[in-house]
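Enquirer: Model the placement of chain U on the given structure of chain X, informed by the hints.
Number of protein chains: 2
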Amino acid sequence: MALIIQKYGGTSVATIDKIKHVAKKVVETKKAGNDLIVVVSAMAGETDRLIELAHQIVARPDEREYDVMVSTGEQVSIALLSMAIQDLGCKAVSFLGFQIKIVTNSDFSKARILNIDSEKITNELRNGSIIVIAGFQGIDEQGNITTLGRGGSDTTAVAVAAALKADVCEIYTDVEGVYTTDPTICANARKLERISYDEMLEMASLGAKVLHTRSVEFAKKYSVPIHVRYTFSQNTGTLVTKEDEIMEKVIVSGVTYNKDEAKITIVKVPDKPGIASKIFKPISEANINVDMVIQNVSEDGFTDVTFTVSKSECKKALEVIKGVVQEIGAADVRYDKDIVKVSIVGVGMRSHAGVAAKMFTVLADEGINIMMISTSEIKISCVINAKYTELAVRVLHDAFELGEHMVSEE
Amino acid sequence: MALIIQKYGGTSVATIDKIKHVAKKVVETKKAGNDLIVVVSAMAGETDRLIELAHQIVARPDEREYDVMVSTGEQVSIALLSMAIQDLGCKAVSFLGFQIKIVTNSDFSKARILNIDSEKITNELRNGSIIVIAGFQGIDEQGNITTLGRGGSDTTAVAVAAALKADVCEIYTDVEGVYTTDPTICANARKLERISYDEMLEMASLGAKVLHTRSVEFAKKYSVPIHVRYTFSQNTGTLVTKEDEIMEKVIVSGVTYNKDEAKITIVKVPDKPGIASKIFKPISEANINVDMVIQNVSEDGFTDVTFTVSKSECKKALEVIKGVVQEIGAADVRYDKDIVKVSIVGVGMRSHAGVAAKMFTVLADEGINIMMISTSEIKISCVINAKYTELAVRVLHDAFELGEHMVSEE
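Going down the list, the sequences are from chains X and U.
For the first sequence, this note's numbering begins at 1 and goes up steadily by one.
For the second sequence, this note's numbering begins at 1001 and goes up steadily by one.
None of these hints come from the bench; they were simulated from the model.
Computed from a predicted structure; not experimentally measured.
Errors might be hidden in some of the hints.
[To be verified] Taking lysine-lysine and the DSS-like style, the derived pairs with C-alpha atoms no more than 30 Å apart in a straight line are:
(1) U:Lys-1110 with X:Lys-120
(2) U:Lys-1024 with X:Lys-316
(3) U:Lys-1110 with X:Lys-20
(4) U:Lys-1322 with X:Lys-101
(5) X:Lys-110 with U:Lys-1020
(6) X:Lys-101 with U:Lys-1091
(7) U:Lys-1191 with X:Lys-91
(8) U:Lys-1311 with X:Lys-110
(9) X:Lys-91 with U:Lys-1315
(10) U:Lys-1120 with X:Lys-316
(11) U:Lys-1322 with U:Lys-1311
(12) U:Lys-1020 with X:Lys-315
(13) X:Lys-101 with U:Lys-1311
(14) U:Lys-1191 with U:Lys-1387
(15) X:Lys-281 with U:Lys-1091
(16) X:Lys-91 with U:Lys-1221
(17) U:Lys-1101 with X:Lys-120
(18) U:Lys-1110 with X:Lys-315
(19) X:Lys-120 with U:Lys-1120
(20) U:Lys-1322 with X:Lys-20
(21) X:Lys-91 with U:Lys-1101
(22) U:Lys-1101 with X:Lys-316
(23) X:Lys-91 with U:Lys-1322
(24) X:Lys-20 with U:Lys-1191
(25) X:Lys-322 with U:Lys-1311
Extracted from the complex, chain X is given alone in its bound form (with noise of 0.2 Å):
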């Protein structure tokens, strides 16, 4: 007997016979002799709903309380996920995060599990109940509700994995796994069977939406094996996984991009000791997280800062650079949201040479310019204008021989 995590997303709960969908599935695993414990998102929507009423009372809302409301939405879905159940014949029994103690630190709307009580859940499970937990909240430890972010809920599931050992933790979407990259954009962008947690984690946070960055790096800390699947068929999706239980040895796994980040620059910044952390202390004392950091060769004692940051926390982050431009003397502030960073991965970097300069001359080949860089032992992104992003994609995916195997005309 197994004991199975299985994640279902707001797509897969978006309405009622979706969510009926979902009990029947549910059902089925427990009937094959498993135990079992369901994590789920607010349906599709839902979580727009609301910040949207925020939204209408003020710009910019109380993170607490912008907390306590976004987590509505979860309640309503295992509410009615647990009546589902029910209704099929099976015990089960719902918990908020305050319920099972999923305890975060109290960085509100980004907050980070520390610790979970797996007791009450274990009981439950000993009663012979399926357990529904709502994904994306927790508790800090004055009690107060905290969210996980966007796509937290994989974060809960993994963690919840971890917490209780679970055989594996199975995270339904509503596409068929992991792939080489974006299928709408590439249509041979091929499935992969298994992929390595440090190379999903960079896919994660480069952009492929498919499981959320901090559920990897749970996953990778605790040797959680994620199934990704798709919630409307019984295929085989995608196993994440450790690496050196990888079977095939490629050099390049995917190629990502993500449009979320704007390029802010700084300009003619007196280039003196101590400069960047007059910079970016104030960015980070703001909460909020700078990406890709380039800073130009210094000329007449001035040189150009530009780095990244995600799009929604852009205004945010000029109005820090403001203050900070005056008190260091600096020239101005010129911003850039037109911009992508497009990225390929992969393990197998780590053991060949000249992958970097491949990815460059492929993008030069085609005269996309390349506006930033930034590398990792098995990734290499590029920022790039925004008008290039499918075409960057479709030349990397096929320079790197990413696609289905294609049987030629002749």
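Expert: Just chain U now, kept in the frame of chain X:
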């Protein structure tokens, strides 16, 4: 400096604009130098929307999960109102039932409040915050979410007022106060300046929907003065208070009616000792409230037993009764949903004879047949055919001279 509890019902927070209006009222009260706790219901229509969702899953939802779901309505309201208050420059913090330990029994969907932890609230008040509390909800001792039944937010407000020894509990609603009768039926219905707890209790339980019955019981027990008033005006409403604080002594204070009951008759019940217990024990065990009961004079060893239950529980009651009928050897069960209970209420009845006789005469003069009668020290209720509702209310209101003083034309 007074400690004031304000409760706003669903119609008072039905839209974003109305929430902003409430925030303004709240901030004015705070700025006048008071400590302030606000209890809020779900936005009008929201609870119905949630119930409808549940019923799309299953006809009779599990009561625990039902409470998990419907309690989200208030959660959204408190967050929105807190944001709106903050936007006006005051500190505000919202609390759910579990956060301030509004502990109830485990009687889902009609739970009773057992205790409230005032410590967290007191701390936040000292901190200068306006406290915004979700009405209608609590947790039981196992940490399950419970709800108090429709109108339960009134009870939350009064219970909070009692726990914190507030100076007054203001219940804001969509009417100007408590009226001598329903103004939509009697154009000359008069707003009462004051009414005693006992009268209000009878009025509430008899169908005047201004206050939740249990909230009045609570207020009486802990001597909490309730001020019922209109959200969208500054007018004084009706003060619900101790009897000895009421100046004007009248015989009858109000006329109410209740269309929410159904009448069930068990025909030809063998008239043996213990028969009533055999009928009503299983009904009570099914958690169904019986209101009025009459038993006909025995004839040839048989009697008819008639009682009323709420219309929503009629089906459940009939199912229970069907089993009983066989067991006790009765002939048949009949029911009638086309009834209304019309009542007159007044503490003055205690010291005045002939009030009941006058009521029966007034109804008889209009040719209205009385099916059942029930009396207490301060009220007389008659069940009549529902089609006479308005007529009966008007003639009783006139007969006991409850209306506004009318200037005659002569």
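Enquirer: If any of the earlier hints don't hold here, list their numbers in rising order.
Expert: Of the numbered hints, 4, 7, 8, 10, 13, 16, 18, 20, 22, 24, 25 do not hold.
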